[in-house]
Amino acid sequence: MALNNYCLVCGGTGCESSKSDEIYKKLKEHAEKAGISKQVQIVKTGCFGFCEKGPIVKILPDESFYVEVKPSDAEQIVNEHLVKGRPVHSLLYKTSDQVAAKSEADIKFYQKQVRIVLRNCGIIDPENVQEYISRDGYAALEKVLFEMTPEQVIDELKKSGLRGRGGAGFPTWLKWSSTRKTPADQRYVICNADEGDPGAYMDRSTLEGDPHSVLEAMTIAGYAQGATKGFIYIRAEYPLAIHRLEVAMKQSREMGLLGKNILGSGFDFDVEIRLGAGAFVCGEETALMQSIEGKRGMPVPKPPFPSESGLWGKPTSINNVETYANVPVIILKGGDWFASIGTATSKGTKVFALTGAINNSGLVEVPMGTTLREIVYDIGGGIKGGRAFKAVQSGGPSGGVLSAEFLDTPIDYESLTKLGSMMGSGGLIVMSEDDCIVDVVRFYLEFSVEESCGKCAPCRIGGRKLLNLIEKVTKGNATLEDIDTMRQISFAMQRASLCMLGGTTPNPVLSTLKYFEKEYMAHIVDKKCPAGKCKDLVTYSIDQEKCIGCTVCARKCPQNCIAGERKLPHEIDQSRCIKCGACYEACKFGAVLVS
Amino acid sequence: MTLQELRTMREAGKKAMERRIVEGKTIEIVVGMGTCGIAAGAKETLDAFVDELTSKDVKNVVIKQTGCMGFCHSEPTVEVHMDGMPDIIYGNVDVETARQIVHSHILEKRLVDKHVFDRPAKDIVKEK
Amino acid sequence: MSPTVMKETKTVNIKVNGKPVTVPEGTSVLKAARLADTKIPSLCTHPDLKSWGACGICVVRVEGSPKMVRSCTTTVVEGQNYITHDPDIVETRRTVLELIMSNHPNDCLNCPRNGSCELQALCGEFGMRGVPFEMGIRDLPVDDSTPSIILNPTKCINCGRCALVCQQLQDVWALEFLNRGDQTRIAPAGDVKLAESPCIKCGQCSAHCPVGAITEVDETRKVWNFLRDKEKHVVVQIAPAVRVALGEEFGYEPGTVVTGKVYAALRRLGFAKVFDTNLSADLTIMEEASEFVERFAHGHGELPLITSCCPSWVDYMEKYYSDMIPNFSTAKSPMMMMGSMIKTYYAQKEKIDSKNIVSVAIMPCTAKKYEIQRSEDMKSSGHLDVDVSLTTRELSRMIKQAGICFRDLPDEAADTPLGAYSGAGTIFGATGGVMEAALRTAYNMVSGKNLGKVEIATARGMEGVKVASVMIPAGGKEIEVKFAVAHGMANVRDVMNQVKEAKAAGKELPFHFIEVMACRGGCVAGGGQPYGSTDEVRQKRIAGLYSDDAHAAVRCSHDNPAIQNLYKDFLGKPLSQKSHELLHTHYFVRPLYVK
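Chains as they are written, first to last, in our numbering: chain A, 25 to 619; chain B, 1298 to 1425; chain C, 1406 to 2000.
Chain A with its partners taken away, still in its complex shape (with noise of 0.2 Å):
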């Protein structure tokens, strides 16, 4: 008896955590109740995407699209829709017009993606490896291994243009062909899932959605580079894509597509997972290497490059999960294939993790040369609550802001270099006119500095100055001098430090200064933070006249500094004034005045 109907529940990590698991317990419960659990498919798959109406369920063939479903939903989808084809009307993603949505299509969030790198997630259940070869995995390696020589292999990656996703953008095939030209007995290749920007999971969820992808791709990356080992590098609090991974690798040794002669063919080739404790600096190739060797993880000069003397010495070569994910498409549809998605210089997709301010948060993959606008209205749905787009963080603490005469940029490696920002692993972090963009320096400088490796004096000493030098300014204490001192720490950081890390740490600070020193003047000149985020900067007070002295704000204030009697005026006692804020929120009289 064929299958009528496919249930597919999101089994992301953050989907999981709202409970999607009890979701899909209950609906197999509910099906076997029904008796229809022999028509209907329940699967768990990979992350779909939308994370901010998560968790989702998605109803096939009619691609009902529910959202925010509770696990007690799920009686009504069976009963409802599964048994008697109809659809639950109020668990449907409604558009913008309060139109629910029939289908995926209907929802602007996935108009404008294409799909490569998340081509599984969300579709197939990333624990069943035959669902993953249905869907043409492990075609490419097949192809690869019988049908293409290594350096076939190099010159179709050659061809697609594909570059690295990790950061900087270094071509993969020039990666893939010094390794394999360095002569040596042992090759290592690595992948490396140690996402650590704040706000970035697109790599966490590649690898919960479409694990084999991966694992392909570096049998492929193997084959081509004359290596019979890997490694991930994954942190240790990705329990769920680690555990993926390991049933994933287990699936794939025992039907002989990793392991000792791979499918017949001669080719060795096996996986080791290694765990990373979450530092940010291990992201950093070389020292993820040293950790690796277990060595502490510091950064090690380059050259010489991991390709020429990487692990244990050996010729090694790093690429992060999303690179890998593109690989066994590149080779099936072929490089010239890819190579027509995207910009001059930079080809296929690039996945998004969109966040902050903003109405549709989650993951979204775009061709790339897509501008900031097209993310952030298009697929983001636009600001939280109709505020103004003040701008968008890109490439993590490493990255810069980009302001509001960027939206229509389209995004590629070189522009956002250009802008002094960077592509960076592809976390996307929307500002509006609420969020203070000296504030968010401080938030990412805090970040470096906490995560600078100690190594280099230039990064070491450097970021902490900075973010000294940032405090002063949140606090009005700075002066015009500090905007010079940062600038000549910020030289001298970018130039002597030993890593990308140290010489990125002053993106942030210098792109605000060249975007948005108004703000910056606002602090050091007017003692002002024109957003109200800067405590120390901000006043509140209460308009006399407006006040009605219904004492909501009296009762909310948790420092009891707000007198005044019932249906007179109140008045804050600025001595004792936290900033908190609590005030501002509770009044519904808009009498609350920040300054």
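Quick caveat, the hints were computed from the structure, so don't treat them as lab data. Quantities reported herein were computed from a predicted structural model and do not represent experimental measurements. A couple of the hints might just be wrong.
Calculated cross-link-like contacts (lysine-lysine; reagent style DSS-like; alpha-carbon spacing at most 27 Å) [what the hints assert, rightly or not]:
1. C:LYS1415 to A:LYS338
2. A:LYS559 to A:LYS408
3. A:LYS538 to C:LYS1784
4. A:LYS167 to B:LYS1312
5. B:LYS1312 to A:LYS52
6. A:LYS357 to B:LYS1406
7. A:LYS319 to C:LYS1455
8. B:LYS1353 to A:LYS132
9. B:LYS1353 to A:LYS62
10. C:LYS2000 to A:LYS319
11. A:LYS499 to A:LYS551
12. B:LYS1353 to B:LYS1411
13. A:LYS580 to A:LYS559
14. B:LYS1406 to A:LYS136
15. C:LYS1455 to A:LYS338
16. A:LYS357 to B:LYS1356
17. A:LYS108 to B:LYS1356
18. A:LYS538 to A:LYS557
19. C:LYS1905 to C:LYS1887
20. A:LYS118 to B:LYS1311
21. C:LYS1784 to C:LYS1754
22. A:LYS326 to C:LYS1420
23. A:LYS319 to C:LYS1724
24. C:LYS1444 to C:LYS1945
25. A:LYS205 to C:LYS1455
26. B:LYS1311 to A:LYS62
27. C:LYS1436 to C:LYS1627
28. A:LYS326 to C:LYS1945
29. B:LYS1411 to A:LYS167
30. A:LYS326 to C:LYS1760
31. A:LYS612 to A:LYS570
32. B:LYS1322 to A:LYS136
33. C:LYS1598 to A:LYS319
34. B:LYS1311 to A:LYS49
Cβ pair distances, simulated, as ranges [what the hints assert, rightly or not]:
35. A:HIS267 to C:LYS1905: 39 to 47 Å
36. A:GLU589 to C:GLN1588: 33 to 41 Å
37. A:GLY283 to C:LYS1905: 29 to 37 Å
38. A:ASP209 to C:VAL1994: 36 to 44 Å
39. A:ARG511 to C:VAL1872: 55 to 63 Å
40. A:LEU299 to C:VAL1994: 33 to 41 Å
By construction, the Cβ of each residue, glycine as well, lies at the ideal position given by its N, Cα and C atoms.
Knowing the structure of chain A, use the given hints to seat chains B and C on it.
Only chains B and C this time, still in chain A's reference frame:
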């Protein structure tokens, strides 16, 4: 596993997997699954469509379910949308008719005259 | 595969600031620049260590590229022109230096490295007149838990030399980086005290530290106080390696033999008698060679025999190779033998109550400060056999404190009865010297005659492990003595493993006699020698010792009349009861980490 086994496994799963994919599917079959439809055997009809499409290896068809279309007298009812053909509602579609619809309407672009319920669905919906 | 390339020293043609220069392939830009009359400043790189690019001072540019690279870790590339100074480079270096200074206590006047500090010198060159950043000096506790070295982490600039020496050159792993970011500091793993760590007190960390963060324990004041005490009869001994290095503190070339001037200086400082450790080195040879002959020719005791005159090696062995204790020579080190002879033989001979004798040793070594209290065996006279052990650096300070114009001193002779030495005694200070001296005497003991050519060239040189053999005629046939000489603690492991493997497999021993010195080059580059030990300096000092040997009237320990008298008057014969009481010791199993 041998190469051949891998290929067999891929082919075996492919058809089922393709039905999860929506992109590129241009033909839509909507089966009315209201209480009246189910009572009249709509579930069997739906199964028949799935079965027939799978066995004929027709890939670009989406099968959807909907509630009662309001033609309780002619259940099970089925709506078919495809390019180059008028939108058609068929009535009294039993298992045999379902197979016929796949064979004639979808593969040969010929209407299954006996069962045509001549008004396109969207017009009916509009009037309601 | 690429065709096998014949190994030959290729050269590379580059330019430094436009000036053409040809250097061997693989040379760093920093070294290459030195060959083109340019000194690039650096605080972390050191000729003994693999450069690792921590400080960020040595940045240069490649013409045509805006990026700066570290000259210490960048290898020269044919045809490139390296710009070692332009306004941007100088500005970057200055800022990095200012950043380092902003975390460094400004107390040069109280610092043990005042006048010999690399950071101080660099600040002088850059005309430092104050730090433009907020100061951030960490107040960290001083670790003075060992009698040998003091760790003052407040002064540490995290250049990492000490940890690299401890780990790479010495394979001790007592020092490690703790914490991250600007909280990074260098301390024993687990943040235990040095005395509780695997530290072997070799002091190589202090010899490599560019600043005053790790220094020897200064005991000059203690010695002045003994010299002030009219009740005390203060005598002194100087070690072999001191005589070829002390001169450097007074402007002599490394390797200049200043024995006569050292004797003279010590007398002027007020020591009652000046003895020479070279004589007790002869004594050590008498005992140790006898021990070897006992074990080798008569089968009494374990083979291979391993030398034990290096206290750091003894400490290392007790911690890492305690299973080899039966292989250790029980003979005390020359310093301890001299101490014992001073407070027994000399005291009796001069009729001085040994409790009133203070015995001071001048050593190239920091571990000697630990050795004098190593066990109860170090009190064979009933008192501490050696009361204070000063390093060469401390002696030079005493001479300067006294205002003695060292260069103007006449050459004087040592005192009897413990002053005259053979050439075999003096070469103890060089790697391979103990082996050579012992074999000269063992040869005589076995064959009844001296070696035709006393120099054993195969024991000499800077190779980390030297393996060779000597043929000794005995009873009409030649027997082969296979020996190994290792220096630099990291070279020991391989030698010990060879022995262990052979023993485990029941195979023939690879060596019969093994000499180990903890410090590279031997005592000439001990942790207490004048700063600036590099291989070039080591070789010059070693050459000084060999020339002292070559010019000696007596070349073998057993031919030294003073030694012959000592046995005749006092000890009887080697390995006698008295020898065992006064000149031999025991070893203990010690844990790597105490507690």
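### Task
With 33 to 41 Å as the target window, see if GLU589 of chain A and GLN1588 of chain C comply at their CB atoms.
At 52 Å between Cβs, range violated.
### Query
LYS1311 of chain B and LYS62 of chain A: Cα distance at most 27 Å?
19 Å, holds
### Task
Would you check the hint for LYS357 of chain A and LYS1356 of chain B, treating anything up to 27 Å between C-alpha atoms as holding?
20 Å, holds
### Restraint status (C-alpha distance of LYS580 of chain A to LYS559 of chain A at most 27 Å)
18 Å, holds
### Task
Take the C-alpha atoms of LYS326 of chain A and LYS1760 of chain C, compute the straight-line distance between them, and say whether it is at most 27 Å.
The hint is violated at about 61 Å.
### Message
Next pair to validate is LYS118 of chain A with LYS1311 of chain B; report whether the Cα-Cα distance is within 27 Å.
### Response
Given that 27 Å is the threshold and the Cα spacing comes to 32 Å, the pair is violated.
### Query
Is LYS1455 of chain C close enough to LYS338 of chain A, meaning Cα to Cα at most 27 Å?
Measuring from Cα to Cα gives roughly 18 Å; hence the hint holds.
### Query
If you draw a straight line from the CA of LYS1415 of chain C to the CA of LYS338 of chain A, is it 27 Å or shorter?
Since the Cα atoms of LYS1415 of chain C and LYS338 of chain A sit roughly 23 Å apart, the hinted pair holds (cutoff 27 Å).
### Message
What's the verdict on LYS319 of chain A and LYS1724 of chain C, does the C-alpha distance respect the 27 Å limit or exceed it?
### Response
Within the cut-off at roughly 22 Å; holds.
### 55 to 63 Å as the expected CB spacing between VAL1872 of chain C and ARG511 of chain A, which holds or is violated
59 Å, holds
### Query
Does LYS499 of chain A pair with LYS551 of chain A here, judged by a C-alpha cut-off of 27 Å?
8 Å, holds
### Message
Next pair to validate is LYS326 of chain A with LYS1945 of chain C; report whether the Cα-Cα distance is within 27 Å.
### Response
34 Å, violated
In the structure shown, a violation is registered for the earlier hints numbered 3, 6, 8, 14, 20, 27, 28, 29, 30 and 36, in ascending order.
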